[in-house]
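From first to last, the protein sequence lines are chains A and B. At position 74 of the first sequence (counting the first as 1) the number is 74 in the numbering used here, and the numbers step up by one without a gap. At position 120 of the second sequence (counting the first as 1) the number is 120 in the numbering used here, and the numbers step up by one without a gap.
Hints are computed from structural coordinates only; laboratory data are not their basis. Just so you know, not all the hints are guaranteed correct.
[As the list claims (entries may be wrong)] Think about it this way: if two alpha-carbon atoms lie no more than 20 Å apart in a straight line, the pair counts; the simulated EDC-like pairs of lysine to aspartate or glutamate are:
1) K289/A <-> E39/B
2) K55/A <-> D249/A
3) K138/A <-> E39/B
4) K239/B <-> E41/A
5) K170/A <-> D174/B
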Amino acid sequence: MFRFSRRLALKGALVCALAISVVPSATAAEPVLRVSAIPDEAPTELQRKFAPLGKYLEKELAMKVSFVPVSDYAAVVEALASDKLDLAWLGGFTFVQASIRTRGAATPLVQRAEDARFTSKFITADDNIKTLADTRGKVFAFGSPSSTSGHLMPRYFLIQGGINADKDFKNVAFSGAHDATVAFVAAGKADAGVLNASVWEKLVDQNKVDPKVRVIATTPPYFDYNWTVRGGLDPELVRKIAAAFLKLDPANPEHAEILALQRASRFIPTSKENYQGIEQAAKAAGLLK
Amino acid sequence: MKAPRDPAALARVGGLLLATVVLWPLAVIGEFRPWVLFEAQNLRVMGGFLGGFLPPASGGEFLAYLGQATIETLAMASAGIALAFVVAVPLAVATTQALSISRLGPGPGRRRGELLRAGLRILLVVLRGIPELVWALLFVRVLGLGPAAGVLALGLTYGGMLAKVYAEILESGDQRPARALLEAGGSRLQALCYGLLPGVAQELTSYTVYRWECAVRASVVMGFVGAGGLGQLMDQSMKMLNGGEAASILLTFLALVLAADALSAFFRRQLGEAGTAGHAAALGPLPLAILASLGGAVLASFAWLDLGLGALLSRAAAASIADFFASFWPLDLSAGWLWKVGQGALETLAISVLGTLLATVCALLLALPASGRHGALLEQATRFVLNALRSVPELVWATLMALAAGLGPFAGILALALHTSGVLGRLFAEALQNAPATPRDALLEAGTPAGVAFLYGSLPTVTPQLLAYALYRWEMNIRMAAILGFVGAGGLGQLLYVELSLFHQAQASTVIAAMLLLSVAVDAASASLRRRLG
Numbered sequence: 001m002f003r004f005s006r007r008l009a010l011k012g013a014l015v016c017a018l019a020i021s022v023v024p025s026a027t028a029a030e031p032v033l034r035v036s037a038i039p040d041e042a043p044t045e046l047q048r049k050f051a052p053l054g055k056y057l058e059k060e061l062a063m064k065v066s067f068v069p070v071s072d073y074a075a076v077v078e079a080l081a082s083d084k085l086d087l088a089w090l091g092g093f094t095f096v097q098a099s100i101r102t103r104g105a106a107t108p109l110v111q112r113a114e115d116a117r118f119t120s121k122f123i124t125a126d127d128n129i130k131t132l133a134d135t136r137g138k139v140f141a142f143g144s145p146s147s148t149s150g151h152l153m154p155r156y157f158l159i160q161g162g163i164n165a166d167k168d169f170k171n172v173a174f175s176g177a178h179d180a181t182v183a184f185v186a187a188g189k190a191d192a193g194v195l196n197a198s199v200w201e202k203l204v205d206q207n208k209v210d211p212k213v214r215v216i217a218t219t220p221p222y223f224d225y226n227w228t229v230r231g232g233l234d235p236e237l238v239r240k241i242a243a244a245f246l247k248l249d250p251a252n253p254e255h256a257e258i259l260a261l262q263r264a265s266r267f268i269p270t271s272k273e274n275y276q277g278i279e280q281a282a283k284a285a286g287l288l289k
Numbered sequence: 001m002k003a004p005r006d007p008a009a010l011a012r013v014g015g016l017l018l019a020t021v022v023l024w025p026l027a028v029i030g031e032f033r034p035w036v037l038f039e040a041q042n043l044r045v046m047g048g049f050l051g052g053f054l055p056p057a058s059g060g061e062f063l064a065y066l067g068q069a070t071i072e073t074l075a076m077a078s079a080g081i082a083l084a085f086v087v088a089v090p091l092a093v094a095t096t097q098a099l100s101i102s103r104l105g106p107g108p109g110r111r112r113g114e115l116l117r118a119g120l121r122i123l124l125v126v127l128r129g130i131p132e133l134v135w136a137l138l139f140v141r142v143l144g145l146g147p148a149a150g151v152l153a154l155g156l157t158y159g160g161m162l163a164k165v166y167a168e169i170l171e172s173g174d175q176r177p178a179r180a181l182l183e184a185g186g187s188r189l190q191a192l193c194y195g196l197l198p199g200v201a202q203e204l205t206s207y208t209v210y211r212w213e214c215a216v217r218a219s220v221v222m223g224f225v226g227a228g229g230l231g232q233l234m235d236q237s238m239k240m241l242n243g244g245e246a247a248s249i250l251l252t253f254l255a256l257v258l259a260a261d262a263l264s265a266f267f268r269r270q271l272g273e274a275g276t277a278g279h280a281a282a283l284g285p286l287p288l289a290i291l292a293s294l295g296g297a298v299l300a301s302f303a304w305l306d307l308g309l310g311a312l313l314s315r316a317a318a319a320s321i322a323d324f325f326a327s328f329w330p331l332d333l334s335a336g337w338l339w340k341v342g343q344g345a346l347e348t349l350a351i352s353v354l355g356t357l358l359a360t361v362c363a364l365l366l367a368l369p370a371s372g373r374h375g376a377l378l379e380q381a382t383r384f385v386l387n388a389l390r391s392v393p394e395l396v397w398a399t400l401m402a403l404a405a406g407l408g409p410f411a412g413i414l415a416l417a418l419h420t421s422g423v424l425g426r427l428f429a430e431a432l433q434n435a436p437a438t439p440r441d442a443l444l445e446a447g448t449p450a451g452v453a454f455l456y457g458s459l460p461t462v463t464p465q466l467l468a469y470a471l472y473r474w475e476m477n478i479r480m481a482a483i484l485g486f487v488g489a490g491g492l493g494q495l496l497y498v499e500l501s502l503f504h505q506a507q508a509s510t511v512i513a514a515m516l517l518l519s520v521a522v523d524a525a526s527a528s529l530r531r532r533l534g
């Protein structure tokens, strides 16, 4: 009797559990634009930055817009490739990866005017490090391994300057995000590090940088971030999304707030060709095979 | 008069030499340099961070996040165990020797049965041998971020572990009833339900509850790879070096792990009592209530997590998952990459060996007061320390130790040593308490000082057991050492994390294969050493 009822109870629980997980959710009918961004900053910061832009897009596109927070760069690429996301804020290198992963289906729409001439800053809090050459034999922090401005381009420019990140540093750390790199360097967890110029300037403006931390070098400019749509999205919707971004005008106070949070003066159209340089750099640095 | 020679001198010197020859290179590979802990810069970094611990973060918004993450962690563990159970039961029934018809004697299909069983056993080794965090990292890619990846990862790894142990438990019970049923022409299912289960049901349930407790600890860190729960909060706070938040989360860990411990011990005690009361009275109202509440908890967990696992069943989703896993084939076996993976594997091995060794020594030292040899007050105090050490997961210790000792394998060694000291300390203390008192008492009565009486009266009786515990932990620690690199503590983990981020699937699968080989090799080495201990 006892065994029977226990088995029955377990079976019943499992059947119910499976039933719950299989029933599709009822909200699938209404069209939703699913948006995400590579997590190059703390996720809470990303949500804060996106909120007004999301409202603006909802109004312009006349559809619901939902932001899907993500904490892994590569997961954004996989989600675009498997149609789990419609629109994503990608770095230059993640765009190249997404383009390869989707066999060219992912299309870049717009970028910030600043992204056409993007740079990275090398930072340190160690008085003995004055030039990039002094970082040899030290602990060096990149952002995420998938980051353009926090890993790929700095690694590429380091190689051109004669420093091989795999051999010449005592240890390489991946902080995961640009703001975390500053925290690593300020705390001495890494002797030097590199992050994108836009986040660095924002942190300086907000007085969030420890005064010990200073810039020792800046990279030459390259193309970076863009807003990319997945393949197979309705072309009319794609056109409307691009138009909504391009319409943002700094003279309009409501738009100005959105642009300020995105750290953009305005948005400009972009195309795949702009990212060929990144692809070559990734191949040269051995990050793309 | 000539001083009596130590008859075991040669063996002792030989053993010491061998240990040095083995450990020295490992210490070099593992960058074992304890003095860096006291370097001014590291002290300043750690001090600054720990200084931020007080006061722990207690803002309303943060506490709301924390509460939600805690529930998510618990739900992930419960749903994961339920899934593991579903995976494990058929695998255990299929692989256990206790239900093998082919063992009854020659007959048709014997060869096929053996092949099937061998194949399934290999599957179990793969499921168990790849750490759950690696599975989680892979599933995060396919399913997107969130608890679904954690639940599936737990389901697979724990499914493999449960299946192996279930099969062993079925084999350890009385085989005769099942055999009689099979020989009389009963089906395997009948033999299982009427011949085997009545004898071992209580042990099976007890082990499942114990695994749930382990799953709670495992889900705490799933978030480090983006699979939701408390780990994700911890990862962010540690990366931003926010001491106050880290302190609050650590306190939550402590409370959660201790509560899961206590709950699991209570359930198992109840089941144990019910079991010894005899079969007819086996189901008292309390065990029934416990099982009902467990079922309810599992249901609630699936409802809370809203996993959408149903989406996995669509043809398109299945194809994209198959695509993803297919991209890992073939492995990159080029000499250059193998060399790099080999170096990582050696580092991982060094971390696991030195971490376990260090933990064994610390655990023994802590077990002395914890076993009540130096008074009740000291016993309670050390037990609290042991609980605190063990309730913080290795991965979290590693993020802390990366501050104290700098990034690299030494941080990994310390992390393993700290967590394992807590686990082993408790087990050692219990073993010491249960050691027979007579040899020691005899020495004490003959006038031997207490210390010497312990060394020659108590220690030798428990040494084999202590070493067996330490070897078991080594098997777990090799899996842990393989992933500590996710947070910068050396070994294969960092290689895997970077290669996966860069979509270098072929290179990543070589690393995963290396992890699997390492864990299989350590399992074999540990088993053979334990056999030698008798």
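query = Of the hints stated earlier, which fail here?
reply = 1 and 5
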